[in-house]
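Please construct the entire structure, taking both the sequences and the accompanying hints into account.
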Amino acid sequence: MIARIIRRLLAGVVTIACIYTVTFVMVVSLPGNPFEQGGRHLSVEVEQALRARYHMDNNWLYFWEFLQGALRLDFGPAFTYNDWTCNQILASALPVSLLLGLLAMLIAVMVGVPLGVLGAVKRGGWLDAATSGFVLLGVSLPTFVTGSALLTVFAVYLKIFPIGGWGTLAHLPLPAIALSIPFIAYIARLTRVGMLDVLGSDFVRTALAKGVHPRTVVWKHALKVAFLPVLSFLGPATAQAMTGSFVVEKVFGVPGLGQHFVNAALNRDSGLVMSTVLVFSTLLVAFNLVVDLLYAWIDPRVSESV
Amino acid sequence: MNHKTEPVQNRRRRAVAYAGNVRQGTWGWARGHHLAIAGAISLILMVTASVVTLPWSVQWFNVQGLDSAVRHPPSMMPVVAFEHYSAASATPKTSDRSRGLKPAPREELTRFVHRATSWCGHDDLGRSLLFRLLPAFLVSLAIGAVAALMAVGIGVAWGAAAALAGGRVDLVMMRIVDVLYGLPYVLMVILLKMALTPWLTSLFGGHSLYADLAVLLIAIGGVSWLTMARVVRGQVLSLRAEPFVEAARAAGAGPFHIFRRHLLPNLIGPVTTYATLVVPQAMLQESFLSFLGIGVQAPTPSLGRLAADGVEAVNTFVGYWWLIVFPCGILVVTLLALNFIGDSLRDAFDPKSRVHGPAL
Numbered sequence: 001m002i003a004r005i006i007r008r009l010l011a012g013v014v015t016i017a018c019i020y021t022v023t024f025v026m027v028v029s030l031p032g033n034p035f036e037q038g039g040r041h042l043s044v045e046v047e048q049a050l051r052a053r054y055h056m057d058n059n060w061l062y063f064w065e066f067l068q069g070a071l072r073l074d075f076g077p078a079f080t081y082n083d084w085t086c087n088q089i090l091a092s093a094l095p096v097s098l099l100l101g102l103l104a105m106l107i108a109v110m111v112g113v114p115l116g117v118l119g120a121v122k123r124g125g126w127l128d129a130a131t132s133g134f135v136l137l138g139v140s141l142p143t144f145v146t147g148s149a150l151l152t153v154f155a156v157y158l159k160i161f162p163i164g165g166w167g168t169l170a171h172l173p174l175p176a177i178a179l180s181i182p183f184i185a186y187i188a189r190l191t192r193v194g195m196l197d198v199l200g201s202d203f204v205r206t207a208l209a210k211g212v213h214p215r216t217v218v219w220k221h222a223l224k225v226a227f228l229p230v231l232s233f234l235g236p237a238t239a240q241a242m243t244g245s246f247v248v249e250k251v252f253g254v255p256g257l258g259q260h261f262v263n264a265a266l267n268r269d270s271g272l273v274m275s276t277v278l279v280f281s282t283l284l285v286a287f288n289l290v291v292d293l294l295y296a297w298i299d300p301r302v303s304e305s306v
Numbered sequence: 001m002n003h004k005t006e007p008v009q010n011r012r013r014r015a016v017a018y019a020g021n022v023r024q025g026t027w028g029w030a031r032g033h034h035l036a037i038a039g040a041i042s043l044i045l046m047v048t049a050s051v052v053t054l055p056w057s058v059q060w061f062n063v064q065g066l067d068s069a070v071r072h073p074p075s076m077m078p079v080v081a082f083e084h085y086s087a088a089s090a091t092p093k094t095s096d097r098s099r100g101l102k103p104a105p106r107e108e109l110t111r112f113v114h115r116a117t118s119w120c121g122h123d124d125l126g127r128s129l130l131f132r133l134l135p136a137f138l139v140s141l142a143i144g145a146v147a148a149l150m151a152v153g154i155g156v157a158w159g160a161a162a163a164l165a166g167g168r169v170d171l172v173m174m175r176i177v178d179v180l181y182g183l184p185y186v187l188m189v190i191l192l193k194m195a196l197t198p199w200l201t202s203l204f205g206g207h208s209l210y211a212d213l214a215v216l217l218i219a220i221g222g223v224s225w226l227t228m229a230r231v232v233r234g235q236v237l238s239l240r241a242e243p244f245v246e247a248a249r250a251a252g253a254g255p256f257h258i259f260r261r262h263l264l265p266n267l268i269g270p271v272t273t274y275a276t277l278v279v280p281q282a283m284l285q286e287s288f289l290s291f292l293g294i295g296v297q298a299p300t301p302s303l304g305r306l307a308a309d310g311v312e313a314v315n316t317f318v319g320y321w322w323l324i325v326f327p328c329g330i331l332v333v334t335l336l337a338l339n340f341i342g343d344s345l346r347d348a349f350d351p352k353s354r355v356h357g358p359a360l
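As they're listed, the protein sequences go chains A and B. Mapping of the first sequence onto our numbering: residues 1 to 306, in sequence order. Mapping of the second sequence onto our numbering: residues 1 to 360, in sequence order.
Calculated directly from the structure, the hints in this document are not laboratory data. If you're wondering where the values come from, they're calculated on a predicted model, not measured in any experiment. Hints may contain errors.
Unchecked claim - Distance windows between CB atoms, simulated: (1) D299/A / G205/B: 53 to 61 angstroms; (2) T48/B / S43/A: 21 to 29 angstroms; (3) R7/A / G254/B: 32 to 40 angstroms; (4) T48/B / A130/A: 25 to 33 angstroms.
To be verified - To spell it out: a stretch of chain B is covered by chain A in this simulated footprint if at least three of its residues, at any positions, have a beta carbon under 8 angstroms from a beta carbon of chain A; those stretches are: (5) 188 to 198; (6) 214 to 225; (7) 281 to 291; (8) 300 to 309.
The C-beta atom is built at its ideal place from N, Cα and C for all residues, glycine as well.
If you want it as structure tokens, here you go:
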């Protein structure tokens, strides 16, 4: 088991290194540079001095310097935000996104799994049709539409929640729900398919024949197996949700990390792009590792087979 | 076709058809493909409407209305006078002619079409929303279709090559897919788009509209082949172990012959299914990019662009409901239809999705 964890960790480090390299190559090969964004026009000398200061005139040096800084958890300055370092930006935006993403994933699992189970157990009935319809709507509607609809109904008309912003508990539910809707849809779909598979298997029939209550069979025996595909989806999904979503943040005025992914790329802010990507890939590797361990815990055959 | 080379899917399809007949009664409407058929019909209707009105919509989609038409709610009677539009369509610019656009259609017909201009209301520049929606639908659908084609082209080649090569090559190729999966999707699309824009603009000789569309297609298509590659690789790996492939290999067939004659026919099912599911995804991505302001450039309309504009208009005043309801309605209907068709195809091609236990 420990050997497995170590092997996984090493593979994760390799993956992060590859992701860093690919991102670096893409950012460096972009036309333009971060210093001329936002209407600033620097003289040639100043620009050259700035490029030399951050080793941008030598890509190899820049690559290693940034990597060394990142290993010391020092991501350097954010070129397009005056007087902000990448560390400060991450420190202010990451906790917001982590909280929102965690809440959204909790909602997604708590709502999506029961929906999927209901759809599978009552298949063919109106409940199945209703959950399938909800799933398809969740997959089909762009987040900015669902988000705006939530905002219009609950903030503008019913005035239950504030219209936007961040800071109090009342600011949390609407963006969390908006963020969770596509995830609810995917989880419900995965659960339903997995559950249909499992309900046809021999051990379910045996348990039912023995007289175990159908509720116990479905929610304890079958769900344990049907949850496995959901679990492997949860790894990348959680990493994605916890690094923020630009759309949800823009619609609800949340100061999260998602906006920095987009703005950094649009502004060619190489330092900020690479720090956000490193945060994302670290979270991704970490959650995949957690999912892996949970997998082995739920299904002991997995750890034996490796 | 002898027994050994019969595509596995055919055999499976027969088995599924049998099982389907036996179980049809328990499932009712959800079992049949009614939803998929309804989806296909609505898609065909929308495509027909967009194509038939194309001669007018290419000339009218950017015609700004008079003051009275600005954000005018939907009405059955046209708000903007016929002469206003006919002026736009009667004198096609020479540049339009040289681009191969049709000359103005006959006047009676144009008068007839003009009666529809206010059916979906007008936007903040007084432009007819209906005549922006019609070409927007085609633009969005084209983006989705080309993204799906790119996903099929790259994904099938990549996945099949990895599976057939096996060993270390397979490992490296799939690792590359893993790493690309690990990159934040949004970031990759934006970076691709920004890296390609100047290059393609010069390639298209300054025709920024075409360059813009091409960049969008490559950026969206360039990230949507990953799932396809994984699916195809898995499929090829399992097919390779089938006796009919072994028999072909024993008979002396080369890898290309085996791929073309024995593997490709069996891949068509899952590949079509996933391609159908890529189209709505790509359309959703396009709407997302439009929301960011880096999608299709104004004044070219796309469903995502119109929906994003509508969200902004509704945020200022909820009364402008038609600006969001119509674009989103069409977007949702299209995506639902494509998802229904894709799901239905998956049911048809994947017998596993039809294994059921007892109803509880």
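For each hint, the structure was consulted:
no. : hint                                : result
1   : D299/A / G205/B: 53 to 61 angstroms : holds, 58 angstroms
2   : T48/B / S43/A: 21 to 29 angstroms   : violated, 59 angstroms
3   : R7/A / G254/B: 32 to 40 angstroms   : holds, 37 angstroms
4   : T48/B / A130/A: 25 to 33 angstroms  : holds, 31 angstroms
5   : 188 to 198                          : holds (count 7)
6   : 214 to 225                          : violated (count 0)
7   : 281 to 291                          : holds (count 4)
8   : 300 to 309                          : holds (count 3)
Comparing the model with each earlier hint shows violations of hints 2 and 6; every other hint is respected.
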